[in-house]
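Let's have the full structure, built from the sequences with the hints guiding it.
If you read the sequences in order, they're chains R and B. For the first sequence, our numbering assigns the number 1678 to the last residue and increments by one with no breaks. For the second sequence, our numbering assigns the number 1678 to the last residue and increments by one with no breaks.
Any given hint could be a false lead.
Chain copies aren't distinguished; within one or between two, either way the pair holds.
Simulated pairs of lysine to any residue, SDA-like, Cα-Cα distance not exceeding 25 Å [as the list claims (entries may be wrong)]:
| id | residue 1 | residue 2 |
| --- | --- | --- |
| 1 | Lys1490 | Val1657 |
| 2 | Lys1535 | Gln1623 |
| 3 | Lys1535 | Arg1455 |
| 4 | Lys1562 | Val1639 |
| 5 | Lys1535 | Phe1611 |
| 6 | Lys1461 | Leu1576 |
| 7 | Lys1575 | Leu1470 |
| 8 | Lys1461 | Gly1537 |
| 9 | Lys1561 | His1607 |
| 10 | Lys1490 | Met1648 |
| 11 | Lys1461 | His1577 |
| 12 | Lys1615 | Asn1502 |
| 13 | Lys1561 | Gly1446 |
| 14 | Lys1570 | Val1619 |
| 15 | Lys1561 | Ile1671 |
| 16 | Lys1535 | Gly1512 |
| 17 | Lys1562 | Val1540 |
The set of hints was computed from the structure by calculation and includes no laboratory data.
Each chain, letter by letter, is given below.
Number of protein chains: 2
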Amino acid sequence: MIKIAIIGAGNVASHLGIALQHAGAEITAVYARDERKAKALATKFHTLWVDDIDKLPANTQLTIIAVKDEAIAEVSNQINISGTVAHTSGILGMDALAKHKHRGVFYPLQTLKSGVDVNFNTVPLLLEASNEETIRLLKKTAKLISQKVSEVKLHERQMAHLAAVFSNNFTNHLYAVANDILQTHGLSFDLLKPLIVQTAQNIQHQLPAEVQTGPAVRGDMETIDMHLQLLREHVQYRQLYELISASIIEQHRNKK
Amino acid sequence: MIKIAIIGAGNVASHLGIALQHAGAEITAVYARDERKAKALATKFHTLWVDDIDKLPANTQLTIIAVKDEAIAEVSNQINISGTVAHTSGILGMDALAKHKHRGVFYPLQTLKSGVDVNFNTVPLLLEASNEETIRLLKKTAKLISQKVSEVKLHERQMAHLAAVFSNNFTNHLYAVANDILQTHGLSFDLLKPLIVQTAQNIQHQLPAEVQTGPAVRGDMETIDMHLQLLREHVQYRQLYELISASIIEQHRNKK
Chain R
1423 MIKIAIIGAG NVASHLGIAL QHAGAEITAV YARDERKAKA LATKFHTLWV DDIDKLPANT
1483 QLTIIAVKDE AIAEVSNQIN ISGTVAHTSG ILGMDALAKH KHRGVFYPLQ TLKSGVDVNF
1543 NTVPLLLEAS NEETIRLLKK TAKLISQKVS EVKLHERQMA HLAAVFSNNF TNHLYAVAND
1603 ILQTHGLSFD LLKPLIVQTA QNIQHQLPAE VQTGPAVRGD METIDMHLQL LREHVQYRQL
1663 YELISASIIE QHRNKK
Chain B
1423 MIKIAIIGAG NVASHLGIAL QHAGAEITAV YARDERKAKA LATKFHTLWV DDIDKLPANT
1483 QLTIIAVKDE AIAEVSNQIN ISGTVAHTSG ILGMDALAKH KHRGVFYPLQ TLKSGVDVNF
1543 NTVPLLLEAS NEETIRLLKK TAKLISQKVS EVKLHERQMA HLAAVFSNNF TNHLYAVAND
1603 ILQTHGLSFD LLKPLIVQTA QNIQHQLPAE VQTGPAVRGD METIDMHLQL LREHVQYRQL
1663 YELISASIIE QHRNKK
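Shown next as structure tokens:
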């Protein structure tokens, strides 16, 4: 079975390592700058913790660098074993790994939080590699844990990462705005939880533009004016309301 | 058991009527401007279809006006039976029902689509009424179908409606933007579906601001700059990206 070393001890390193190990891969070692977290993760994997990146076992076939984007190049340059090296960034190219002949990308398109189990089976894994032999290794590894493996170019992966920011980070911020509006008026965020789940469900079988509802897509200017009036003392939220409504109107004008 | 007439034949009328009937309420009649849809709904309820609002059965205790906001006052003025009259708007006051002594609001805070079953048990119902007797009737009726019944003032209900627009309509538009970004680059929206579901799940037990992730909350200007560069040819999306990112940064600056 494939022998994998994990660099990093954050959420991606942890979730990915667990999924790979459950699928039968052998985790040869864990290294991370944060010794305490690295040790904890190595213990979780029942594997070796190394205090120096030069001590990664030489029989490691794939080293996965799951650290912050800005640290990837530096970590890559410290790795001296000969196997394949891959990072997990959604946005960086393979040039950060230029030192290694067999280099690639292993990007899981999902939000990975500590303490929240993820079914990796449905997590899209976007791969890229420096040559045929390397992409074969990455694909074989990815298919151990996910049914949604695809090879994409850098620009496509970056676009997928950008789209993920809109549908995850930005969406979550709109939930936060909604919560703030409710709390300011003594109402509980619980009121919105079923709606939020239903909204995410509604686009599982139809495209979002097809299920768009609300005053903007209806052209209901009376309701929009009432909402803007309710937001008159909150410049930031009023700007968000106006810009998103304008974008909805624009999108549906283009379709007609 | 309570006797209820339904005015309107859209999604709210249909879902609400079905839930009430399943819970044991008697639907006395259906009336709607669109005769074809009204007849279909009456058939679904195995109840009376009336072609004139004056033919609503006199023994009706509660008439629910589930029509578009702009038509509520006109419909209300045409009703001549003596029971309670309630509308289902998230934003209009009871003054639209001024003709009736026993008037109120029965607002389901959920997105109701035809063909998509909704478990009303978890749908928040926000109530308001003109007097004690009427609120008792509305509460008793609401509790037949939902465990989340609350009496709220007009301003609170309007704020809940506004918050729903942010977390439902606006969120869905962000999904649409993400889909557009993917499609433009030959990628499938399927890539984002697990992420979108997980994002909605993450706020079921924690507040959204506590689980905010992404470049804006990290202050990762390098990634933000790369994303803006990717959006250089799409002014609308770039504006959305900039404004929402600024709002995330602002919100988390306030918390520190």
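Hints, verified against the model:
no., hint, verdict
1, Lys1490 / Val1657, "neither (34 Å within a copy, 29 Å between copies)"
2, Lys1535 / Gln1623, "both (21 Å within a copy, 12 Å between copies)"
3, Lys1535 / Arg1455, "within (20 Å within a copy, 51 Å between copies)"
4, Lys1562 / Val1639, "neither (45 Å within a copy, 35 Å between copies)"
5, Lys1535 / Phe1611, "both (21 Å within a copy, 22 Å between copies)"
6, Lys1461 / Leu1576, "neither (33 Å within a copy, 56 Å between copies)"
7, Lys1575 / Leu1470, "neither (34 Å within a copy, 61 Å between copies)"
8, Lys1461 / Gly1537, "within (18 Å within a copy, 52 Å between copies)"
9, Lys1561 / His1607, "between (51 Å within a copy, 22 Å between copies)"
10, Lys1490 / Met1648, "between (44 Å within a copy, 15 Å between copies)"
11, Lys1461 / His1577, "neither (36 Å within a copy, 54 Å between copies)"
12, Lys1615 / Asn1502, "neither (49 Å within a copy, 38 Å between copies)"
13, Lys1561 / Gly1446, "within (15 Å within a copy, 56 Å between copies)"
14, Lys1570 / Val1619, "both (23 Å within a copy, 16 Å between copies)"
15, Lys1561 / Ile1671, "neither (42 Å within a copy, 37 Å between copies)"
16, Lys1535 / Gly1512, "within (16 Å within a copy, 35 Å between copies)"
17, Lys1562 / Val1540, "within (20 Å within a copy, 41 Å between copies)"
Of the numbered hints given earlier, the model fails hints 1, 4, 6, 7, 11, 12, 15; all others are met.
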